Amino acid sequence: MAPLNLHLMASIFGILGTVGSFLVYLAPIPTFYWIYKKKSTYGFPSLPYSVALFSAMLTLYYAFLKTHSMIIIAINSLGILIETGYLVLFMIYAPPKSRIFTAKFLGLFNVLGFGLIVLCTCLIPNDFLRLKIVGWVTIVFNVGVFAAPLTILKHVIKTKSCEFMSFSLSLSLTLCAVLWFFYGLLIRDLFIAAPNVLGFIFGIVQMMMFYIYRKSTRKAGLPIDSLNDQTLSTNRRVAVLENADMRVAMTIIDIGTQIQLKAGDAKKSVKTDDHENQLPKQGRPEDKGSPTTALGLTLRRASI
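In terms of the UniProt record's numbering, the sequence shown opens at residue 1 and continues consecutively.
Hints listed in this document are in silico derivations from the structure and should not be mistaken for laboratory results.
These numbers come from a predicted model, not from an experiment.
Hints are not guaranteed to be accurate.
As the list claims (entries may be wrong) - Cross-link-like lysine-lysine pairs, in silico, BS3-like; alpha carbons within 27 Å at most: (1) Lys160 to Lys38; (2) Lys104 to Lys160; (3) Lys104 to Lys39; (4) Lys104 to Lys38; (5) Lys154 to Lys104; (6) Lys132 to Lys66; (7) Lys158 to Lys97; (8) Lys132 to Lys37; (9) Lys39 to Lys154; (10) Lys38 to Lys154; (11) Lys39 to Lys97; (12) Lys97 to Lys132.
Please model the complete structure; the sequences and the hints are all you need to start from.
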C-alpha cells in the first residue's frame, strides 16, 4: 500500500507541477503582446527565453532516455513550442544589436551545443551512464532557467525600481520549484529534485528584491508588477527607460510641432507682406518667430 501511496502522491505533484509550469510559460504573454502592439522590444532581454528553451530541449531529451516520463515529456514539449514563439516574436521587433546577440546565442547553444550533447551521448554504449551524464548536464541548465531572470536584478538595483520585475512570475517559479522538488523526491530522481532546490532559493531572492524596492517604485509613480500589467503608455515607458534615442525622437516631434505652429502663423501674415515690403529695410522688425529661427532654438536646446 505504501508504494501505491507514493506513486499516487508523485502523480499529484507531477500534475500540479505541470499545470504550474504551463502557467509560468504563459506568464510572458502580456509582455510579448505589448511588444507586438508597440512594434519594439524596448530593452527587454531575450536571454531568459533562450535559456528556458535550451533547458526544455535538454529535459525533453532526458525524459526520452528515461522510462515512464510522460509528464516530463508533455510539459517540456509545450515549453519548447511556447518559448520558440516568444523568441520568433522577439527577433521580429528587436533592434539589430539584440537580434544579432539572440541569433548567435541560439545558434551556439540551442543548435550547436544541443546537437553536440545528443551526438556525444549517443556514442556511449552504457544506457545507465548515458542517462546519468545527460541528467547532470540537465541539472546545470535547469539551474540556469531559474538564474537567468536574475540578470534584471542589476537594473533593479541601479534604478532602485522593480518596475521590470514580476512578483507573480517569481512566486510562480518558486511554487513550481517546490512541486517539482517533491515530484523528483517521490520518484527518487535526483536530476529532477536537485535543481529545484536552487530554483526555490533564486525565487526567494527575486521576491526579496521586489519587497525591498517596492516602496521606491511606488514613490516614482510606477506600476507594480508591470510585466503582467502592460498598461504604461509609450511616453511613460520612454521616461522610465531614459534612452537617449528616445529623447532625440521627442526632440524631433517638438521640432515638427513648432514648425507646424509657425507655418500656421505665416499663413495668417500673408496679407501684411505687401505692406511690410513697402517699409525701409532698416525699419523692418526682426523676424524672431520664423520657422527657421524656432528650429535653430530647438536644436540648440536639444544639444544642451
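Verification of the supplied hints:
1. Taken as a hint, the lysine 160 and lysine 38 pair is honoured in the structure, with Cα atoms around 26 Å apart against an allowance of 27 Å.
2. Distance check on the hinted pair: lysine 104 and lysine 160 sit about 31 Å apart at the alpha-carbon level, beyond 27 Å; violated.
3. For the hint linking lysine 104 to lysine 39, the alpha-carbon distance of about 22 Å falls within 27 Å, and the restraint holds.
4. The suggested pairing of lysine 104 with lysine 38 holds, with an alpha-carbon distance near 25 Å, which does not exceed 27 Å.
5. Taking the CA atoms of lysine 154 and lysine 104, the gap is about 23 Å. The hint holds against a cut of 27 Å.
6. The suggested pairing of lysine 132 with lysine 66 holds, with an alpha-carbon distance near 10 Å, which does not exceed 27 Å.
7. Using a Cα cut-off of 27 Å, the hinted pair lysine 158 and lysine 97 holds, with the two alpha carbons roughly 23 Å apart.
8. Straight-line distance between C-alpha atoms of lysine 132 and lysine 37 comes to about 45 Å, which puts the hinted pair past the 27 Å bound.
9. Note on lysine 39 and lysine 154: the hinted pairing holds, with a Cα-Cα distance of about 26 Å set against a maximum of 27 Å.
10. About 25 Å separates the Cα atoms of lysine 38 and lysine 154, which keeps this hinted pair within 27 Å; it holds.
11. Between the alpha carbons of lysine 39 and lysine 97 the distance comes to roughly 16 Å, so the proposed pair stays at or under 27 Å and holds.
12. Simply put, lysine 97 and lysine 132 have alpha-carbon atoms about 38 Å apart, too far for the 27 Å limit, and the pair is violated.
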